[in-house]
Amino acid sequence: MLAAVSREQPGAAGWLGVAARLVTGGVWIWAGAMKVTDPDASVAAVRAYQLLPGDVAEVVGQVLPMAEIVLGLMLVLGLLTRLAGVLSALLFAAFIVGIASAWARGLTIDCGCFGGGGYDPDAVDKYPWEIARDAALLLLSLLVAWVRRTPLTVDRLLFRPV
Amino acid sequence: MSKKADARAAKAAAELAAQQARERRRNLSIGALVLVLLVAIVSAGFLVRELTGGDSDVDTSAGTAEHSLTLGEDSAPHQVIIYEDFLCPYCGELERASHEELRRLVDEGQVQVTYRPFHLLQDFEYSGDALEVLAAVMETADPDVQEDLHNALFAEQPSESGPFPSQDDLVDLAVEQGADRDAVEAELDSDRPEQWVETATQEAQSAGVNSTPTVVLDGEQFTDFRTIDDLVTNLVAAIEAPADEPSAPASSGSAQ
Numbered sequence: 000m001l002a003a004v005s006r007e008q009p010g011a012a013g014w015l016g017v018a019a020r021l022v023t024g025g026v027w028i029w030a031g032a033m034k035v036t037d038p039d040a041s042v043a044a045v046r047a048y049q050l051l052p053g054d055v056a057e058v059v060g061q062v063l064p065m066a067e068i069v070l071g072l073m074l075v076l077g078l079l080t081r082l083a084g085v086l087s088a089l090l091f092a093a094f095i096v097g098i099a100s101a102w103a104r105g106l107t108i109d110c111g112c113f114g115g116g117g118y119d120p121d122a123v124d125k126y127p128w129e130i131a132r133d134a135a136l137l138l139l140s141l142l143v144a145w146v147r148r149t150p151l152t153v154d155r156l157l158f159r160p161v
Numbered sequence: 000m001s002k003k004a005d006a007r008a009a010k011a012a013a014e015l016a017a018q019q020a021r022e023r024r025r026n027l028s029i030g031a032l033v034l035v036l037l038v039a040i041v042s043a044g045f046l047v048r049e050l051t052g053g054d055s056d057v058d059t060s061a062g063t064a065e066h067s068l069t070l071g072e073d074s075a076p077h078q079v080i081i082y083e084d085f086l087c088p089y090c091g092e093l094e095r096a097s098h099e100e101l102r103r104l105v106d107e108g109q110v111q112v113t114y115r116p117f118h119l120l121q122d123f124e125y126s127g128d129a130l131e132v133l134a135a136v137m138e139t140a141d142p143d144v145q146e147d148l149h150n151a152l153f154a155e156q157p158s159e160s161g162p163f164p165s166q167d168d169l170v171d172l173a174v175e176q177g178a179d180r181d182a183v184e185a186e187l188d189s190d191r192p193e194q195w196v197e198t199a200t201q202e203a204q205s206a207g208v209n210s211t212p213t214v215v216l217d218g219e220q221f222t223d224f225r226t227i228d229d230l231v232t233n234l235v236a237a238i239e240a241p242a243d244e245p246s247a248p249a250s251s252g253s254a255q
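Chains as they are written, first to last, in numbering that gives the first Met the number 0: chain A, 0 to 161; chain B, 0 to 255.
Hint data in this document are derived by calculation from the structure and do not stem from the laboratory. Mixed in with the good hints, there may be bad ones.
[Unchecked claim] What follows is a list of derived Cβ distance ranges for each label pair:
#1 Arg-95(B) - Ala-11(A): 35 to 41 Å
#2 Gln-201(B) - Trp-145(A): 23 to 29 Å
#3 Arg-159(A) - Val-38(B): 20 to 26 Å
#4 Asp-181(B) - Asp-37(A): 15 to 21 Å
#5 Arg-81(A) - Leu-15(B): 23 to 29 Å
#6 Ala-16(B) - Trp-29(A): 16 to 22 Å
#7 Thr-63(B) - Ala-131(A): 23 to 29 Å
#8 Val-35(B) - Leu-156(A): 16 to 22 Å
#9 Pro-120(A) - Val-35(B): 43 to 49 Å
Being a predicted model, the structure only gives us computed values, none of them experimental. Built from N, CA and C at the ideal position, the CB exists for glycine as well.
Produce the entire structure from the sequences given, and follow the hints as far as they go.
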């Protein structure tokens with residue numbers, strides 16, 4: 000009887016969720032991969048925001064690239080998908096706050112989102128686009144969390160519907 | 000009869016509920032396990048780097064007196080080493096905020112400050128030009144003039160987006176600080192200043208310095224700051240703190 004559990008047909012929302020997972024996840028993996036090979040640059044990029052105390056900036060700079068890659072894989076593979084969507088949204092929100100605060104304090108820094116970081120003379124022109132990009136990705140992350148069950152996830156293999 | 004059916008239904012419902020509870024527990028444990036694994040993966044990279052000798056350590060012995068501007072005595076209780084690039088904006092901010100305080104502490108004999116300028120921003124010729132002029136001045140002028148030029152280069156620091164002073168402008172700046180124009184120009188005509196810049200840059204790289212400003216206090220990289228102003232405040236406080244704790248005067252190399 001339980002074997003007959005319906006494999007519900009994924010609706011439009013489901014496939015939209017898949018697209019959102021691939022886009023946000025892909026961006027995270029890319030962003031993490033650009034930074035993970037150069038932890039010192041990543042730490043320097045975090046420091047350039049002048050928001051976190053030295054030791055914390057060090058840890059954040061070191062951990063963030065790897066965390067981004069893992070988060071990206073969670074989204075692309077659909078592993079703990081809703082949690083990944085929520086974490087992704089929170090992280091984008093944090094980045095938006097960081098960039099907005101750098102902008103407000105008159106710092107001109109490269110956001111360091113995809114490697115790089117530190118001083119950038121053209122930063123002020125880029126801030127609005129960076130914030131818009133992160134806001135769009137934040138919405139996509141929320142979409143992933145909102146859709147709940149999207150097709151093509153590892154979650155479907157691991158977890159049985161109750 | 001209906002009682003029997005009721006009983007059967009109740010039993011089936013109970014079994015279903017138990018089954019669902021088991022499934023839920025199973026899902027929960029799998030979820031928890033996966034989460035722990037993922038957190039472990041994220042922390043693993045970090046821990047490995049921390050345990051394998053932390054690449055953030057600066058090997059200050061990879062620096063020589065000829066390529067350093069040293070203020071104060073070797074015998075001072077604290078040693079500060081500052082790696083910097085003449086174009087790096089945060090270095091400028093640091094210098095402008097700190098040089099008077101550090102000069103005072105040097106005069107009081109509380110600290111020896113060693114500046115190790117090098118060419119970090121390889122995309123910018125200006126950064127190398129300024130170093131070459133400093134190198135020429137270090138070869139031909141008194142320590143006072145060297146220090147004044149060092150401070151003047153940061154006081155007059157151009158923006159990374161230009162416009163950049165020419166090397167001749169920088170020679171003018173050196174002369175204003177008391178350098179001898181002919182001697183400096185003759186030195187610049189040789190290839191020694193260029194060589195000096197190359198060696199200083201190699202030394203910084205060997206020390207593991209790849210961002211500026213990098214500040215080392217008594218052999219340990221100084222990271223206790225959020226803003227550059229914090230850095231200056233905390234650094235001065237650390238130097239002035241009474242040395243009641245047996246903080247071993249670390250790293251003999253820091254005194255060159």
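Verification of the supplied hints:
1. About 59 Å separates the C-beta atoms of Arg-95(B) and Ala-11(A), a value inconsistent with the hinted range of 35 to 41 Å.
2. For Gln-201(B) and Trp-145(A), the hinted distance range of 23 to 29 Å is not satisfied, since their beta carbons lie about 55 Å from each other.
3. Between Arg-159(A) and Val-38(B) the CB atoms are about 24 Å apart, so this pair conforms to the stated range of 20 to 26 Å.
4. The beta-carbon spacing between Asp-181(B) and Asp-37(A), approximately 45 Å, falls outside the hinted interval of 15 to 21 Å.
5. Between Arg-81(A) and Leu-15(B) the Cβ separation comes to about 25 Å, which falls inside the hinted range of 23 to 29 Å.
6. In this structure the supplied range 16 to 22 Å is violated for Ala-16(B) paired with Trp-29(A), their Cβ-Cβ distance being about 46 Å.
7. For Thr-63(B) and Ala-131(A), the hinted distance range of 23 to 29 Å is not satisfied, since their beta carbons lie about 50 Å from each other.
8. Distance hint check: the CB atoms of Val-35(B) and Leu-156(A) are about 19 Å apart, consistent with the given range 16 to 22 Å.
9. Here the CB-CB span from Pro-120(A) to Val-35(B) is close to 45 Å, well matched to the stated 43 to 49 Å.
Violated hints, in rising order: 1, 2, 4, 6 and 7; the structure is consistent with all others.
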